[in-house]
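Student: Sequences listed follow chains B and W, in order. The numbering of the first sequence is this note's numbering, which starts it at 1 and goes up by one. The numbering of the second sequence is this note's numbering, which starts it at 1 and goes up by one.
Read the hints as simulated data drawn from the structure, not as lab findings. Misleading hints may appear alongside valid ones.
All copies of an identical chain are treated as equivalent in the list; a pair is satisfied when it fits inside any one copy or across any two copies.
Unchecked claim - Here are the simulated lysine to any residue pairs, SDA-like style, with alpha carbons at most 25 Å apart:
id	residue 1	residue 2
1	K351	Y125
2	K51	R146
3	K126	A362
4	K51	R372
Number of protein chains: 2
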Amino acid sequence: MRLSRYFLPTLKETPAEAQIVSHRLMLRAAMVRQHAAGIYTWLPLGFAVLKRIEQIVREEQNRAGAQEMLMPTIQSAELWRESGRYDDYGKEMLRVTDRHARDMLYGPTAEEVITDVFRTSIRSYKDLPKVLYHIQWKFRDEVRPRFGVMRGREFLMKDAYSFDLDTATARHSYNQMFVAYLRTFARMGLKAIPLRAETGPIGGDLSHEFIVLADTGESEVHCHRALLEKAIPEGVDYDGDLQPLVDEWTGLYAAADEMHDVTKAATLGDDLVTARGIEVGHIFHFGTKYSAPMGATVTGPDGEPVTVAMGSYGVGVSRLVGAIIEASHDDHGIIWPESVAPFHVGLINLKVGDAATEAACAALYESLGPDRVLYDDRDERAGAKFADMDLIGLPWQVIVGPKGLGKGVVELKNRATGAREEISAESALARLAG
Amino acid sequence: MRLSRYFLPTLKETPAEAQIVSHRLMLRAAMVRQHAAGIYTWLPLGFAVLKRIEQIVREEQNRAGAQEMLMPTIQSAELWRESGRYDDYGKEMLRVTDRHARDMLYGPTAEEVITDVFRTSIRSYKDLPKVLYHIQWKFRDEVRPRFGVMRGREFLMKDAYSFDLDTATARHSYNQMFVAYLRTFARMGLKAIPLRAETGPIGGDLSHEFIVLADTGESEVHCHRALLEKAIPEGVDYDGDLQPLVDEWTGLYAAADEMHDVTKAATLGDDLVTARGIEVGHIFHFGTKYSAPMGATVTGPDGEPVTVAMGSYGVGVSRLVGAIIEASHDDHGIIWPESVAPFHVGLINLKVGDAATEAACAALYESLGPDRVLYDDRDERAGAKFADMDLIGLPWQVIVGPKGLGKGVVELKNRATGAREEISAESALARLAG
Numbered sequence: 001m002r003l004s005r006y007f008l009p010t011l012k013e014t015p016a017e018a019q020i021v022s023h024r025l026m027l028r029a030a031m032v033r034q035h036a037a038g039i040y041t042w043l044p045l046g047f048a049v050l051k052r053i054e055q056i057v058r059e060e061q062n063r064a065g066a067q068e069m070l071m072p073t074i075q076s077a078e079l080w081r082e083s084g085r086y087d088d089y090g091k092e093m094l095r096v097t098d099r100h101a102r103d104m105l106y107g108p109t110a111e112e113v114i115t116d117v118f119r120t121s122i123r124s125y126k127d128l129p130k131v132l133y134h135i136q137w138k139f140r141d142e143v144r145p146r147f148g149v150m151r152g153r154e155f156l157m158k159d160a161y162s163f164d165l166d167t168a169t170a171r172h173s174y175n176q177m178f179v180a181y182l183r184t185f186a187r188m189g190l191k192a193i194p195l196r197a198e199t200g201p202i203g204g205d206l207s208h209e210f211i212v213l214a215d216t217g218e219s220e221v222h223c224h225r226a227l228l229e230k231a232i233p234e235g236v237d238y239d240g241d242l243q244p245l246v247d248e249w250t251g252l253y254a255a256a257d258e259m260h261d262v263t264k265a266a267t268l269g270d271d272l273v274t275a276r277g278i279e280v281g282h283i284f285h286f287g288t289k290y291s292a293p294m295g296a297t298v299t300g301p302d303g304e305p306v307t308v309a310m311g312s313y314g315v316g317v318s319r320l321v322g323a324i325i326e327a328s329h330d331d332h333g334i335i336w337p338e339s340v341a342p343f344h345v346g347l348i349n350l351k352v353g354d355a356a357t358e359a360a361c362a363a364l365y366e367s368l369g370p371d372r373v374l375y376d377d378r379d380e381r382a383g384a385k386f387a388d389m390d391l392i393g394l395p396w397q398v399i400v401g402p403k404g405l406g407k408g409v410v411e412l413k414n415r416a417t418g419a420r421e422e423i424s425a426e427s428a429l430a431r432l433a434g
Numbered sequence: 001m002r003l004s005r006y007f008l009p010t011l012k013e014t015p016a017e018a019q020i021v022s023h024r025l026m027l028r029a030a031m032v033r034q035h036a037a038g039i040y041t042w043l044p045l046g047f048a049v050l051k052r053i054e055q056i057v058r059e060e061q062n063r064a065g066a067q068e069m070l071m072p073t074i075q076s077a078e079l080w081r082e083s084g085r086y087d088d089y090g091k092e093m094l095r096v097t098d099r100h101a102r103d104m105l106y107g108p109t110a111e112e113v114i115t116d117v118f119r120t121s122i123r124s125y126k127d128l129p130k131v132l133y134h135i136q137w138k139f140r141d142e143v144r145p146r147f148g149v150m151r152g153r154e155f156l157m158k159d160a161y162s163f164d165l166d167t168a169t170a171r172h173s174y175n176q177m178f179v180a181y182l183r184t185f186a187r188m189g190l191k192a193i194p195l196r197a198e199t200g201p202i203g204g205d206l207s208h209e210f211i212v213l214a215d216t217g218e219s220e221v222h223c224h225r226a227l228l229e230k231a232i233p234e235g236v237d238y239d240g241d242l243q244p245l246v247d248e249w250t251g252l253y254a255a256a257d258e259m260h261d262v263t264k265a266a267t268l269g270d271d272l273v274t275a276r277g278i279e280v281g282h283i284f285h286f287g288t289k290y291s292a293p294m295g296a297t298v299t300g301p302d303g304e305p306v307t308v309a310m311g312s313y314g315v316g317v318s319r320l321v322g323a324i325i326e327a328s329h330d331d332h333g334i335i336w337p338e339s340v341a342p343f344h345v346g347l348i349n350l351k352v353g354d355a356a357t358e359a360a361c362a363a364l365y366e367s368l369g370p371d372r373v374l375y376d377d378r379d380e381r382a383g384a385k386f387a388d389m390d391l392i393g394l395p396w397q398v399i400v401g402p403k404g405l406g407k408g409v410v411e412l413k414n415r416a417t418g419a420r421e422e423i424s425a426e427s428a429l430a431r432l433a434g
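Extracted from the complex, chain B is given alone in its bound form (with noise of 0.2 Å):
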């Protein structure tokens, strides 16, 4: 993509609004821009992150097994009676009535609607176990939004749904989801802990935070070291028997500053490490607290009716553009991981209509692939420039001008080391090949 033509509206003063540096930098970069409180635009660098982010996501729940689907923004009030959460939501869930007066709401969730989806379609245990999930904009009307995309009211989010016969082939559901989010938050370049939840009432233990890292992050985190280190699972058999994997995570020492035991913790020595962090995903097993009420049952094998037992598990894609770039950016702006960059390279142009510099930029641009590439074709000054392209954080700068072009050189740049080298044109090319 060429600059000159790119929607790229970077911004040169930061908002006053923006008290977190994901929300900085993504005003500045021309990420987003707010419409309304906790309501964003996406622009195109912003919207090419999420939905790098939102496929990484997408690949990694069809490789454990779940399928994809789609329920709507706009519920029915009536199934929310039913699961008898109509009346406890309280005022975050964003309520619609329609031109026949009939109750309706934004989903904040859609525990209710897979339900009813899940209770007029499937009728045997024989068609179990079943995971299903979509990637779909969600509504929580905050008091307060604020963090950006962090914290809005519209949000996009990836939410899978189990269905399974019993507690055991449940937390196979779930032992499914735990590996897969190690995975997904792991291709995104961010270091995720799991972390044991409250599961209120309901009891037993699986609940799961999953927690990024972050210097910035929101939240104070107790962990083993080991964890901060463990290889994440290659290969994986997600029809074998997953349990020793997700023990060998859940067996360490984790915990939110909330549940944190300060005695046990302090038996780790050395290996306690105290960070900070912000929460991108959350897996749950309730059983059939809506499969109950709801009516979900399928007829077991022995004929008899059967109540399902059910999983939710929850990334909050957009949330996590902001997540990595909490975890990821310096004093110049963002750097971005490879598997979610909007480009891979900027290519940077220091003399504008000077023949021999046109003519490489225009060959490096076309052997890298335009899709690539954002190629600064502006006739701007360097400076501008550079702290624009730092600002953007593309993994890779190759800077060309008539001075190194004259020694046979462009500059390649790392963003996220700041390391340069001089090194021919076909060089880079090899460097940076797809």
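With chain B's structure known, arrange chain W on it following the hints.
Tutor: Leaving out everything else, chain W in the frame of chain B:
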């Protein structure tokens, strides 16, 4: 995907409420489930088709130079008051009040939001032209939603918006979208006819509807036969002059029933075709209708402010799923064009449990690629498998049973023509290779 795992709750009976064939088939083939009047849940099969259509729309928008972004579903009423449409829009607008008693709405379209983004981002004529688009869910609170996804309340639309300095360059943006639409619908296997549409008080000739032909279509169209046979433009230079190409298409007679000129049409003689069709796209240049009241100006070449000229360009993405079925089905079910099919091949195992059949199916499944194949490995009778496979309409079927394998063959069936061949598994593989 193995059908024994896939969430595909097909229906034997057609729900009584479905009045048109696409609605009946989408319900029976388990593509969608109605959640509430005019609001649907997309089950995995329907979702897969929706995504393929969306991707074709996206690719052709990008090719034409439009840039993707994403505007929110919930919009501020304030902007609609600025444009003057808040009170005019009537009951089709789903109005919402948030917890702080602010007037919001579920966007039925996004002219106001994009104009607001533009006026706060772009200052100079040098940054024009721009064509921005998003593919987002919309809500129109139809008084009587019907015909399934063809006339739902919550629906997926691609809407693009162009911004230009003057009418001449605005016409170029318009032409880019015109040509992109020709390509978009053709890639989905549809015959699409551009019809001049009413421009209302704004006047001019820059408004076209795109109608796809289907015997069961909602409206009657009249056009020159040559329009049906025109080759779809390939290798288009979207920066070049597109006017001759657009003139070629608009120079031939074409009119919806309400604009039909019987006298003029009569001069066509045998070249006049009357057919039925479905509107799937609408492009419209509306000049300063929104930019003037909302103050969207840029500094022109002479330093004076210029109110930008705008157009909008819609494609009914979810509607297209229904439209394609209306255009391509038979008594047995859907017939997907290859480009939008949810899977390329349906693999039918005629004797589950038979070792040779299982082995042959497993080998075909792996070789063809599990993402491209829906493998009916259920323990069901052959008749039910044939009926389901015809219903869901994958382009190809490979039917494998002990009898054929004894002769060294499988059966390859083309869903569209019904043609069947007995060939070796290797030949089938070669024929179906991606």
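Student: Taking the hints in turn, state whether each one holds.
Tutor: Status of each hint after checking the structure:
1. K351 x Y125: Between copies only: 22 Å across chains, 68 Å inside a chain, cut-off 25 Å.
2. K51 x R146: Within one copy, since 23 Å is at most 25 Å while 32 Å is not.
3. K126 x A362: Between. Shortest inter-copy distance 21 Å satisfies the 25 Å Cα cut-off; intra-copy 59 Å does not.
4. K51 x R372: both (14 Å within a copy, 23 Å between copies)
Of the numbered hints listed earlier, not one is contradicted by the structure.
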